[in-house]
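Undergrad: Position chains B and C relative to chain A; hints supplied.
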Amino acid sequence: MTMPPRPPSATTPDPWRAHASRIVSIRDETPGVKTYELEFEEASARTGYSFAAGQFNMLYLPGIGEAAISVSSDPDRRETIAHTVRAVGNVTDALTRLAVHDHLFIRGPFGTPWPVTAAGGRDVVIVAGGLGLASQRAAIEQLSRRADGGQTIVLHGAKRPEGLLYASEYDRWRAAGIDVHTVVDEGDAAWTGRVGLVTHLLADLPLDPSATTIFCCGPDAMMVGVAEAAMARGVSAEHVCLSLERNMACAVAHCGLCQFGPHFVCRDGPVLRYDRIASLMRVPQL
Amino acid sequence: MNAKPRLAVFKFASCDGCQLQLLDAQDRLLELAGRVEIDHFLEASSRVVPGPYDMGLVEGSITTIEDEERIREVRRQCRFLVTIGACATAGGIQALRNWGRIDDFRAAIYATPETISTLATSTPIADHVPVDFELRGCPIDRGQLIDLLTAVLLGRKPHVPGHSVCVECKARGLVCVAVAKGIPCLGPVTQAGCGAICPAHDRECFGCFGPSESPNLVSLTGFYERRGTPRDSLMRLVRSFNAAAPAFRAESDRLEASE
Amino acid sequence: MTPPSPGSWHWLDRAGLQLVVDALRRQGHRVIGPQVADGAIVLRDLASVTDLPTGWLDDQDGGSYRLRHDPTAGTFDHVVGPHSLKNFLFPARETVASFARDDGTWTQAPRSAAESPLAVLGVRGCDLAALAVQDRVFLGSGYVDEAYKARRERLFLVAVNCRRAAATCFCHSMGCGPSAGPVFDLALTEIGNRFACEVGSDHGAAVLAAASEAGAVLAACTASEIDAAGAVPRDLGSRMHARQTVNDTPSPRSLDTHGIRDLLMRNLEHPQWDEVASRCLSCTNCTLVCPTCFCSSVQEVADLSGDQVDRERHWASCFSLDHARMHGQSVRSSTASRYRQWLIHKFATWIDQFDTSGCTGCGRCITWCPVGIDVTREIAAIRATDGAAAPETGRGTS
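Residue numbers (our numbering), protein chains in the order written: chain A, 1 to 286; chain B, 1 to 259; chain C, 1 to 398.
So here's chain A without its partners, still in its complex pose (with noise of 0.2 Å):
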């Protein structure tokens, strides 16, 4: 499959230009995780901004730092955008003392996206780990709206059932098509759900191999599993996709920090194909 070219972004020449924006809205979604929509101050970055699913922006607060967010809005919604983050270090602890009508400062968008078009007429098997559904949620609405005969599963772990990602959205994903199963690690007395991997959700869905795409996005150790599953499903590792994520300061291969093997995960990735990256996802501490 061939990957899509990254779309150029919209920030101008000098990749350190920010675009300030403003909280919209905050919407609490797992425990330790929230949902911030955005909207840019400046009319023209409101025009000028687009992504594609699977990109991702660095959010700046100053004088605390930036930190790499996936986009998780439909990208053909432009009016806002959102990122829905998990409170784990500097930048993302202070986002969660931020308030609707507070800043904060956007570059972006980088990296490449989920190969949604080149997917066109393939069954997209959407596979996450808990959070890793958040860089995933574009091209599932996206592949909501398909009409070229492919399917759409989504396929979705957690540790435990609060930690299910979206899952007030699970209805409107299925009336749009969408087949979507759970998984946790470990239930409650509430879940009835299966208990168990989401490896063991591929192993037990049908699919016709040769027509199938992978996207995966989850902990590196997760997404290998994932990998190798889809390919001993008979799945050939060009079709699966896996979204990494690495340490960055720059996002424009700059500072080298996010580098995996050849790849600048910022630039090269994050959504990079498994045939590209399987003997390096092997090496420990690579």
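Hint data in this document are derived by calculation from the structure and do not stem from the laboratory. What you are looking at is a predicted structure, and each value in this text was computed from that prediction instead of being measured. Take these hints with a grain of salt, some might be off.
Taking lysine-lysine and the DSS-like style, the derived pairs with C-alpha atoms no more than 30 Å apart in a straight line are [claimed, not checked]:
| id | chain 1 | residue 1 | chain 2 | residue 2 |
| --- | --- | --- | --- | --- |
| 1 | A | K34 | B | K4 |
| 2 | B | K157 | B | K11 |
| 3 | B | K157 | A | K34 |
| 4 | A | K159 | A | K34 |
| 5 | B | K157 | B | K4 |
| 6 | B | K157 | A | K159 |
TA: Relative to the frame of chain A, chains B and C by itself:
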């Protein structure tokens, strides 16, 4: 934060040099005074407002039974406890006593040794109570202290990198004294923070900021030894201001044992 | 006199070289040149050509650098010191963005005003090659670093063809020297008390013409003189390839680069990584003196009020745990994995990324490693035991 955060500074066995770094911050200190309530800082003012405090800075090591009790009370009084300096974070130069016999020191120095009550060791604060953050150095670096306070006020993590002094040396464009002059320098195994003061004055790094994040002392001292530095000199270089920091302690013990 | 033009050669004496420096300064350049300081030949602002290190040689080996005075030595018979063009074009600290808060609203300040253009004297082939490598990183990777671009576009290069190599040099193995190139404004070849000066650009020609107007005597080199000058670095290159002792300096290093990318990429779990980790200090020196290493991190620098914030870019190193830190943990927690990252990036994945090696054979990483770790020996060790596998319990878990 709504009300100004309340800051307290405490001293244990130490020379006061780290507290002086705070006093020496001068204009930054005035700026700080406008942002926090300095409610306990005996080095600067006799005005003491009772705790609890939002943040406590602790200088000095634990060398007496009274210290052991007082640090527990300090810990109870401080929501966020930061140890400052080599004494508080590693036991300081006075931890050299840990290799000697305290009764011999007492008898050699004091006219009436029986009136002196002290512990046999000098130990870091973290050996006695949980510590939230450590600022290394002998003394601490003013810039790192200000950054720590700024970070706490802004709600971000302080910038206290664990990498070596060499990073600061090279950033300043200094010529390496070890490579160009053959001076045994601890910079490659010492945590940055001082701004490479000693190499800038043609002197070796003495390890004031303690071991870096992944120090390989055996390789470094072995190289210096092969280049002609006697083993006992290397042992004394490693056993100084941060003698009792685990990586330095292990290496000076190793060098001593194999002399 | 033949007017200087790209490709022309002219004789320049030391007084003439001073007039070149003066001409550059008149054009507003900040002129940098090699000088003796703190026991090494460093790059700093050059007041006069009398400050150039005439008569000084540098003895370099793993973990060792010593200056030696030799009255027979010329002005440029030293090789490279701890500094390179990187220190000036990609400085160790630089503000990439500034923000100010006024009445609760943050705004980003425009980039600060331009600096004086730089002119650097005495740049060797390895460092010109390194400049070309950094150009690919900061100008050719799809995004442009504006500050680097501004400095790069106005940079004036007075190159030097080497006639001596240190024991740590291996530019000949990397195809980056000892001849100066691929681009320069002027290139000097020292012959006797004079310099044969090759013009490499229109700007170079203009500066030479300005020096001539100010009194510099510019005799055109004859064809045989040009041949003789060209032979100087060529002969050194041949001796380096033959690994001959040059004058009283031990023979230079060399590196077998045949299939080097694949060699390293198929040996990612070779036991040599653990072996070198037993010696490596993770101190970062190799990466910081490397003229091509470009990693950086960004730090927020705020005043206590928090109303003024500079985003400061600092040199970073793959030997620091912070480099690959994610969610509080480094992806590369072992020294072995960090050494491997440095070496495979420099000699293998760099080729995938930028279609060039990241190494120019300048030898700085060997000299300035405090324990003398030598990349050429590490790679040779892997080549000698190609395919060896790490023990099950080895690197990757520590």
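Undergrad: Decide, hint by hint, whether the structure agrees.
TA: Cross-check of the supplied hints:
1. A/K34 x B/K4: Distance of about 29 Å is within 30 Å: holds.
2. B/K157 x B/K11: holds, 25 Å
3. B/K157 x A/K34: Holds, at roughly 21 Å.
4. A/K159 x A/K34: holds, 17 Å
5. B/K157 x B/K4: holds, 19 Å
6. B/K157 x A/K159: holds, 28 Å
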